[in-house]
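J.: The sequence shown lines up with residues 1 to 228 when you count with the numbering used here.
Just so you know, the hints here were simulated from the structure itself, not pulled from any lab data. As the structure is a prediction and not an experimental result, all values here were calculated from the model. Please note that a few of the clues may not be correct.
[To be verified] Simulated restraints, written as ranges between beta carbons of each label pair:
(1) Gln34 - Lys119: 22 to 30 Å
(2) Thr46 - Gln221: 54 to 62 Å
(3) Asn147 - Thr48: 53 to 61 Å
(4) Tyr161 - Thr71: 55 to 63 Å
(5) Thr48 - Gly189: 42 to 50 Å
(6) Gly56 - Arg92: 34 to 42 Å
(7) Asp27 - Asn62: 27 to 35 Å
[Claimed, not checked] Each computed DSS-like pair below joins lysine-lysine, with the alpha-carbon atoms no more than 25 Å apart:
(8) Lys24 - Lys132
(9) Lys127 - Lys64
(10) Lys132 - Lys119
For every residue, glycine included, the Cβ atom is placed at its ideal position computed from N, Cα and C.
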Amino acid sequence: MAGDAIGESAGTGFLVAGPYDLVKSPDVSLTLAQRQDELADMVNTTGTAVLGLTLGCARCHNHKFDPILQTDYYALTAVFAGVRHSDRPLDRPTPRAQLAVLRKQLESHRRQLTRLIPKLRLPVNAKHNIEKFSPVRARFVRFTIRNTNSSEPCLDELEVYTVSRPGRPARNVALASNGTRPSSSGNFGPHPFHKLSHINDGRHGNSHSWISNQSGRGGVQLEFPETV
């Protein structure tokens, strides 16, 4: 809690970090409003904790009780305008060394857990959306959806991995950047978020997904540039 006094800036950062809306909207107006709300929280917290004044009223008009003009409010807002929420590394030798050790430990634990997964989980599992099977050579892969719980099926990303071997880690051969071409039973839209090209673009999230044009069913096929 005394990060500002003992040199641990990360501690101070935790104390001053206010609420942050991680879910951004495709609506530009709403995104701008979210940003103003973030800045308003910084200004209001500063006014209450440091100045002993309520500054929030001046966001819309000159303060009726405290001597705060609307121009003062937005001048203070400009002070915090450069603050952007994101993950940043602590660029110091000690944390980097500690992180390297922890990453090795984490990778070791992950390998141990990976060996247990086949014994504990069915080959096809909706929770992790992974289907494992014996290696086969193929030029095409087809993913067919026969039923859904509601509406048109939506796929975020369709990935196909090679077998992992010593010195040759598994790689996703389904990526469009590898020359793999997708086709489908039919596409929803046109829509800027839901496109067939998003099925293997390597980007995750609803704004980069594919939706069928058929309620409850549909399918996608990937054609590799060569047999893999």
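J.: Could you run down the list of hints and mark each one as holding or not?
T.: To see whether the hints hold, each was checked on the structure:
| no. | hint | result |
| --- | --- | --- |
| 1 | Gln34 - Lys119: 22 to 30 Å | violated, 45 Å |
| 2 | Thr46 - Gln221: 54 to 62 Å | holds, 56 Å |
| 3 | Asn147 - Thr48: 53 to 61 Å | holds, 55 Å |
| 4 | Tyr161 - Thr71: 55 to 63 Å | holds, 58 Å |
| 5 | Thr48 - Gly189: 42 to 50 Å | holds, 48 Å |
| 6 | Gly56 - Arg92: 34 to 42 Å | holds, 37 Å |
| 7 | Asp27 - Asn62: 27 to 35 Å | holds, 30 Å |
| 8 | Lys24 - Lys132 | violated, 34 Å |
| 9 | Lys127 - Lys64 | violated, 55 Å |
| 10 | Lys132 - Lys119 | holds, 12 Å |
Hints 1, 8, 9, counting from the list given before, are not met by this structure.
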